[in-house]
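Sequences and hints are given; from them, build the entire structure.
Under the working numbering, the first residue of the sequence shown is numbered 34, with each subsequent residue one higher.
Treat the hints with care, since some could be wrong.
[To be verified] Derived DSBU-like pairs (lysine-lysine); straight-line CA-CA distance at most 35 Å: (1) Lys218 <-> Lys127; (2) Lys261 <-> Lys65; (3) Lys252 <-> Lys288; (4) Lys292 <-> Lys99; (5) Lys171 <-> Lys99; (6) Lys295 <-> Lys177; (7) Lys295 <-> Lys171; (8) Lys171 <-> Lys252; (9) Lys216 <-> Lys83; (10) Lys177 <-> Lys139; (11) Lys206 <-> Lys131; (12) Lys139 <-> Lys218; (13) Lys65 <-> Lys148; (14) Lys139 <-> Lys129; (15) Lys216 <-> Lys239; (16) Lys206 <-> Lys129; (17) Lys288 <-> Lys216; (18) Lys239 <-> Lys293; (19) Lys131 <-> Lys288; (20) Lys240 <-> Lys127; (21) Lys129 <-> Lys177; (22) Lys216 <-> Lys139.
The hints are simulated quantities; they were obtained by calculation from the structure and are not laboratory data.
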Amino acid sequence: MKKLLLLSASLFIFYIICKGMIYLFFYGDLFKVHSFHIFYGHPNEAIVAKLATKDAAIVEPTAFTKEQTSNLQEEGVRLFGYVSLMQLENWNEKLKKKVIPSDYAKQNGNTIYIKEWDTYVMNISEKHYRDILLWKIKSEIATKELDGIFFDTVDDLDYYFRDDPVLQNKMRKGYSLLLDEIKQKYPELLIIQNRGFDSYKTVSRKKVDGLLWEGFSEKDIKSSEWAKNWLTYLKKEQRWGHVRVMTVVTDEASKKQSKKEKFPAFMRTGDTYQ
Numbered sequence: 034m035k036k037l038l039l040l041s042a043s044l045f046i047f048y049i050i051c052k053g054m055i056y057l058f059f060y061g062d063l064f065k066v067h068s069f070h071i072f073y074g075h076p077n078e079a080i081v082a083k084l085a086t087k088d089a090a091i092v093e094p095t096a097f098t099k100e101q102t103s104n105l106q107e108e109g110v111r112l113f114g115y116v117s118l119m120q121l122e123n124w125n126e127k128l129k130k131k132v133i134p135s136d137y138a139k140q141n142g143n144t145i146y147i148k149e150w151d152t153y154v155m156n157i158s159e160k161h162y163r164d165i166l167l168w169k170i171k172s173e174i175a176t177k178e179l180d181g182i183f184f185d186t187v188d189d190l191d192y193y194f195r196d197d198p199v200l201q202n203k204m205r206k207g208y209s210l211l212l213d214e215i216k217q218k219y220p221e222l223l224i225i226q227n228r229g230f231d232s233y234k235t236v237s238r239k240k241v242d243g244l245l246w247e248g249f250s251e252k253d254i255k256s257s258e259w260a261k262n263w264l265t266y267l268k269k270e271q272r273w274g275h276v277r278v279m280t281v282v283t284d285e286a287s288k289k290q291s292k293k294e295k296f297p298a299f300m301r302t303g304d305t306y307q
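As C-alpha cells, this is what we get:
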C-alpha cells in the first residue's frame, strides 16, 4: 500500500512538472494570464490598485504615465496598450493631426462614417495610415515598455467589407503587413486582437498571441450556430497553443460558460470601459 501511495505521489509530481514544462515551452506567455481588466480612462489610485490584482490589463497608453505602468509591471501585471486598427481614434488629437485624406476607407467613393462613435473607418491598406499606427505603438507602447498591443476594431475588416471581397482582401493584406512590421521592429511585444474571427483565420493566425471575444454570451453559445462553430474552432486553436482566447462578458451565466471553456473573462459593467 505504501509503495502504491509513493508511486501515485511520484506520478502526480511528474504530471505537474510536465504540465509546467508544456506551458513554458509549448504555450505562449499569454497562457499564464488567468485574470485581466480593461480600462480606457485616466486612472486614479483605486483603479491602479484594482489593476495591480490582475495578471494583465488592457489600457489606453496615452492615459497612463511611465511611472504608473512601471509600478504595475513590478506587481506582475502584463500591460497591453490600446490601438484602434480600423476606426479613427477621433479623441486622439496628436494622431488625428497626422491623418491625410487617403487614410480614410471608402465605399462607392464615400467615406464610411460611424455615427454611434462619431468616427470613420480607416484604410489599413494605405501605408501612410499604417505608419500612423506604428507611430502610436512606438511613442506610447514601445517607449513606455508595455508588454504588448491590443488591436481593437479588427471586426470592421469582416463587417464593412463583407460585400466587396476584393477590397476586403486588400484591407486584410494591409493588416497582415502591419503585423509583420511590428514583429520585425518589436519582436518582444505580444499582440491581442479584438474579435475579427474570419480575419484571424485568414491572415492573423499565428501572427497574434491572443484573441478577445468581446460580447461572449452563454445564450449565444446555446442558440447561435455562428457562435457554436466559432467556439469549437477557437477551443481547438487554444488547445493546440496557437492563440490564447479571452472574453468580455456582461452576466454571471456567460462568465461561468467562459470559465468552463477555459477562457479568462472580464465582467463588463455599463457601456464603456471607464
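Tested hints:
1. Lys218 <-> Lys127: Given pair Lys218, Lys127 holds - Cα atoms ~22 Å apart, limit 35 Å.
2. Lys261 <-> Lys65: Holds. Lys261 to Lys65 sits at ~26 Å (cutoff 35 Å).
3. Lys252 <-> Lys288: 11 Å, holds
4. Lys292 <-> Lys99: Holds, because 33 Å separates the two Cα atoms, which is no more than 35 Å.
5. Lys171 <-> Lys99: 14 Å, holds
6. Lys295 <-> Lys177: 31 Å, holds
7. Lys295 <-> Lys171: 33 Å, holds
8. Lys171 <-> Lys252: Violated: Lys171 and Lys252 sit about 40 Å apart, past 35 Å.
9. Lys216 <-> Lys83: 31 Å, holds
10. Lys177 <-> Lys139: 34 Å, holds
11. Lys206 <-> Lys131: Answer holds: Lys206 to Lys131 is near 22 Å, not above 35 Å.
12. Lys139 <-> Lys218: 29 Å, holds
13. Lys65 <-> Lys148: 38 Å, violated
14. Lys139 <-> Lys129: Holds, at about 18 Å.
15. Lys216 <-> Lys239: 11 Å, holds
16. Lys206 <-> Lys129: Since the Cα atoms of Lys206 and Lys129 sit roughly 23 Å apart, the hinted pair holds (cutoff 35 Å).
17. Lys288 <-> Lys216: 33 Å, holds
18. Lys239 <-> Lys293: 24 Å, holds
19. Lys131 <-> Lys288: The hint is violated at about 40 Å.
20. Lys240 <-> Lys127: 28 Å, holds
21. Lys129 <-> Lys177: At roughly 21 Å apart (the allowed maximum being 35 Å), Lys177 and Lys129 satisfy the hint.
22. Lys216 <-> Lys139: Holds - the C-alpha atoms of Lys139 and Lys216 are around 28 Å apart, at most 35 Å.
Going through the hint list in order, the structure does not satisfy hints 8, 13, 19.
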